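Engineer: So the chains spell out like this:
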Amino acid sequence: MKLMPCPLNGPRNISEFVCRGEVTTVPDRECSDREWSEYVFMENNIAGEVCEWWIHTPTAYWFIARRDTRSEKILQTYTVADFFSQSARKAKS
Amino acid sequence: MTLPSIKRLGEGFGDFIDLSKPVEFTFDGDRYSGFEGDVISSALAGSDQWLISRSFKYHRPRGLFSLAGHEANSIIQIGDEPIVYADLRKIEPGMTAQPVNCFGSLQRDWLAFLDRMGKFLPVGFYYRSFFRPKGAWRFWEPVIRRMAGLGTINPHAKHRYYDKKYGFFDVIIVGGGQAGMNAAIEAAKQNKSVLIVEESAQLGGALNFQRLDARGVLAKEIRDGLVQEIANLNNIEVMISAVATGLFTDGWVSVTTEKRLHKIRGDTVVIAAGSVEQPAVFRNNDRPGVMLGTAAQRLMRLYGVRPGKRGVVLTANDDGYGVALDCLDAGVEIAAILDLRTHPANGELRAQAQNTELRILEGSAICEATGHHHVKAINVAKVKEDGSWNETGETISCDFVTMSVGYAPNAALISHGGGSFEYDSDRAMHLPSTLPDWCHAAGAVNGLFSPKACTADGIRTGSMAAKGESSKAERAEDPLAHSINHPFPIFRNVKGKDFVDFDEDLQSKDILDGLNDGFRDIQLLKRYSTLGMGPSQGRHSNVNAIRLVAKYEQTNEDSVGTTTFRPPYRSEKIAVLAGRSFDPVRRTAMHHRHLEAGAHMTLAGAWLRPGYYRNGKSAEQSIFDEVRNCRSNVGMIDVSTLGGLDVRGSNAAEFVNRIYTWAYTKQQVGRARYLLMTDEAGVVIDDGVACRFADNHFYLTATTGGVDGVYREMLYWNAQWRLDVDITNVTAAFAGVNIAGPTARKVLEKLCDDIDLSAEGFPYMGVRIGHVAGVPARLLRVGFVGELGFEIHVPASRGEALWDAAMAAGEEFNIKPFGVEAQRVMRLEKGHIIIGQDTDGLTTPHEANMEWAVAKKKPFYVGKRSVDMQAAKPSRRRLLGFKLTDKNAPAPEECHLIIRDGNITGRVTSAVRSPSLDEVVGLAYIEDENTEVGSKFHIRIAGGQLVEAVVAPIPFYDPDNKRQEL
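The listed protein sequences correspond, in order, to chains L and V.
Reminder that position 13 of the first sequence reads as 13 in this note's numbering, one-by-one numbering, no gaps.
Reminder that position 610 of the second sequence reads as 610 in this note's numbering, one-by-one numbering, no gaps.
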């Protein structure tokens, strides 16, 4: 069975994890009703690399994994802090 | 009387058996004698019993074919145990084995007439029959059920002890043959921890029985050398009689032994599973006595049994000559060797055979075998260079036939792991074309056959595996691999019974009929004809079928493609998969007290909770008695399972405020406040109570089933908000009771002296910290059941002590425990909702009448945007209280429908005949506008009857809530 490299616990059986879905940005409070509904209900569902929220259920540890939905390979996993500081750096540049 | 056995072969044969230890067993009512180490097939053969089973469709006599346990031929039953492979199961003293799929007896199967009904049983016939005329199926179904199946199960069989085991290795080698052993040794030399998984009783694979050289000694020499090397290395673990049934992502291998399921993780896996010898297709190629060349060799080398008295060897490679030489060594007569090849390649074994008296016919084939329960002769055919053939008219009498026409890689596990195969027309075999990174293929499974090539391939993959290198689907050159497979060993006969798939009784014409019926894609052909769907899973049939299809469709084998192998490689017993009978439950600290009090326990998730306490009356009466006692005197319920979360930190209030719908930042210390949780879609997902014990400490309760999800969501949100707060799931750390009833305060006063328990000192919805019965406790005055009540949370280890103290203190007040069922009745009398029962996956706070718990002025909580959007739309439905207008009408149940003017306009979520009010009350969703108190509707109850109901105000019981606020 697949291994998930947890940033805290190391490689563990995928059965110990739950995926909560794509990493998305909550839209502004002033966004339209349509934008809000799409945020709540729609997924991009792309064939390619996605970043997702995952939790290691025995230790209740949340982290982010970048996964290729075509090959199912886990490309990289990040602590939440690292992921968002990297994204912030990417956004600035 | 024991049937006589034939003397076994001597020195150099019978490697697996111990002639000093005879073993008696029974098959089909007859007693047989074999030796320790014999499998059932070999022991039967040793007594000249070759008939083992009847075929699936035609009930043709079948017997020993591969001696490798692939095919249905060898399936028998032992007592309760079905699907026993006679080729694989060792005989044991007193064992009682039975044949399967025969009616009457194995010798005289009543259904044998089906063999002559071939015309009425074409491929896929069951798609076109059994349903006309109307009602035909009702006749046929029981007939087919009785006829079908390879064995019987005993529905009362006891679950014996099976278990599971985990293993972790650097390198897992599947297959302990020449390539596998070399790979293991190489990886071990590079200091890796290595596991070899070997299916048979000892290492060696084909080295145990094949003939590699003229003298017939080389195979054993190679084998013994490798086994010794492995024994000398202490980082190689060997599992024998262990079948690798599946290969899963990232090197996860499932292995079954007799009573264990092993789940083993390897950093890398080397599949060295060898190859499966393939049959030739000719008329009556399924007769007992017709077997694979390696079967005859196994029979002689491993078990010392002669395959017969006088045999014919059919061959298309050097190995067939080895079979003949083995027979000569064993004193078995060979009438002739028929070589399919018009110009046979040179080979050491062929050269040796040519030096003997053996009669060798080149460019010759078998066009038909004769004999019924056993082969008695074959008819010879002459083969031309272009592959065409015709009967020569010669018949050779024989009592066994061996076939050596080639091999197919034992590819299943590579397929499971995601590898793929392509047909190499030069070698006339499938070869791995892609492999997962972490999975290597070595030896015959990789299309290599000579000892030198297998050894080198083993070392190559062992080294790559040890170094963690990505696998490569490639192989060195091996001249032997080009002359080992016949490209088309198929001799179609218009008279039929030329079997391509023995397990499914498919003749060559069935395959072609399937194509003619339009099922041209190999995937469709498989499912239409059932090709490859039997116990052998296509191991003896896929390749010949693909060759047939390619020829008929005038294309090549590679274009035809293959079907997909899926786990398990071999049938797995459900008992092995189940392992230990293990049903984990969670118990509260008061568990034993509940059992002692006669509780009928129920499951709430994984927790065991008392449903009600038996008192000699019916369940309903017991429950109603508990309700009455609680409302008149005092009751106590174990609430330990309810969720508890400690939220501490300078941002604790802000955090709670963002997670739940109501307002908490100004909540006073010492007060409790209702909690309602929505998800981002605005749907109600949990509820509970927030207790503020300090400015920076909230203790939150949640539902038993919801707390784990709530905890996860809290951590998810705070991973982003990064508020200064610690969240801990303390559900299991606390045990809790709720003491409720008019005299609850009196009971508590006897147990607690450091809290002012008066109505003014401890008002409704207050919370306190103190000691109860000397145990440090958190006290909450909450009103779920609608009576004066105190919920007491203590450290779980003191739960039982608290229970005992409360029961003792309450005795004078008639305290009695009440269970979940009574609690549910009482909360319903108060109109309180239960999340998940009165709410569903779409319920918004407004639909559930919970607008009062939604803060009007908060700028944010999870789900606010959606809740506001939903509230702005016209209401779809409302959860309302109702009563039945006829007090004696039967109570409806959950999900009974609301009917108004003939339309379905809602459903009941909860209903009960209230013992306190002596009438039926409940909650229901109403989807139309008639929601005012007093408006009437009907409920359709079980049996279709309509009962009239009326919208009624909530709470039904104690509408002014005076009792809980005492």
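By construction, these hints were calculated from the structure, which means they are not laboratory data.
Bear in mind that the values here come from a model prediction, so they are computed numbers and not experimental data.
We treat Cβ as the ideally placed atom computed from N, Cα and C, and that holds for glycine.
Treat the hints with care, as some may be off.
[What the hints assert, rightly or not] Here are the computed distance ranges between Cβ atoms for each label pair:
(1) L/51 with V/669: 53 to 59 Å
(2) L/51 with V/571: 23 to 29 Å
(3) V/868 with L/47: 32 to 38 Å
(4) L/47 with V/122: 56 to 62 Å
(5) L/26 with V/841: 20 to 26 Å
(6) V/842 with L/59: 29 to 35 Å
(7) L/88 with V/234: 39 to 45 Å
(8) V/841 with L/85: 48 to 54 Å
(9) V/144 with L/33: 28 to 34 Å
(10) L/85 with V/669: 34 to 40 Å
(11) L/58 with V/868: 33 to 39 Å
(12) L/15 with V/146: 53 to 59 Å
(13) V/234 with L/85: 33 to 39 Å
(14) L/15 with V/616: 19 to 25 Å
[What the hints assert, rightly or not] If you only want the chain L side, here are some residues facing chain V, beta carbon under 7 Å, derived:
(15) 3
(16) 34
(17) 40
(18) 46
(19) 51
(20) 60
(21) 62
(22) 74
(23) 80
Engineer: Now look at each hint and say whether the structure bears it out.
Structural biologist: How the hints compare with the structure:
1. A hinted range of 53 to 59 Å for the beta carbons of residue 51 of chain L and residue 669 of chain V is inconsistent with their spacing of about 41 Å.
2. Checked against the hint of 23 to 29 Å, the pair residue 51 of chain L and residue 571 of chain V fails, with Cβ atoms roughly 42 Å apart.
3. The hinted range of 32 to 38 Å is satisfied by residue 868 of chain V and residue 47 of chain L, whose Cβ atoms lie roughly 36 Å apart.
4. At roughly 43 Å, the beta-carbon separation of residue 47 of chain L and residue 122 of chain V lies outside the given 56 to 62 Å, and the hint is violated.
5. For residue 26 of chain L and residue 841 of chain V, the Cβ-Cβ distance of about 22 Å falls inside the hinted range of 20 to 26 Å, so the restraint holds.
6. The beta-carbon spacing between residue 842 of chain V and residue 59 of chain L, approximately 33 Å, falls within the hinted interval of 29 to 35 Å.
7. Distance hint check for residue 88 of chain L and residue 234 of chain V: the Cβ-Cβ separation is about 53 Å, which falls outside the suggested range of 39 to 45 Å.
8. Restraint check, residue 841 of chain V to residue 85 of chain L: a C-beta distance of roughly 36 Å breaks the suggested window 48 to 54 Å.
9. Separated by about 59 Å at the C-beta atoms, residue 144 of chain V and residue 33 of chain L break the suggested range of 28 to 34 Å.
10. As the Cβ distance of residue 85 of chain L to residue 669 of chain V is approximately 37 Å, the hint placing it in 34 to 40 Å holds.
11. For residue 58 of chain L and residue 868 of chain V, the hinted distance range of 33 to 39 Å is satisfied, since their beta carbons lie about 37 Å from each other.
12. Distance hint check: the CB atoms of residue 15 of chain L and residue 146 of chain V are about 41 Å apart, inconsistent with the given range 53 to 59 Å.
13. As the Cβ distance of residue 234 of chain V to residue 85 of chain L is approximately 48 Å, the hint placing it in 33 to 39 Å is violated.
14. Distance hint check for residue 15 of chain L and residue 616 of chain V: the Cβ-Cβ separation is about 46 Å, which falls outside the suggested range of 19 to 25 Å.
15. The interface hint given for residue 3 of chain L holds, since its Cβ lies 4 Å from the closest Cβ of chain V, which is under the 7 Å cut-off.
16. Hint status for residue 34 of chain L: violated, given a least beta-carbon distance of 11 Å to chain V, over 7 Å.
17. Look at residue 40 of chain L: its Cβ gets to within about 5 Å of chain V, closer than 7 Å, so that hint holds up.
18. At its closest, the beta carbon of residue 46 of chain L sits 21 Å from a beta carbon of chain V; the interface hint therefore is violated under the 7 Å criterion.
19. The beta carbon of residue 51 of chain L comes no nearer than 14 Å to any beta carbon in chain V, farther than 7 Å, and the hint placing it at the interface is violated.
20. With a least beta-carbon distance of about 6 Å to chain V, the hint placing residue 60 of chain L at the interface is held under the 7 Å criterion.
21. With its C-beta approaching chain V no nearer than about 5 Å, residue 62 of chain L sits inside the 7 Å limit, and its interface hint holds.
22. Residue-level restraint check for residue 74 of chain L is violated (minimum Cβ-Cβ distance to chain V is 10 Å; threshold 7 Å).
23. Below 7 Å, beta-carbon pairs count as interface contacts, and residue 80 of chain L has one with chain V at about 5 Å; its hint therefore holds.
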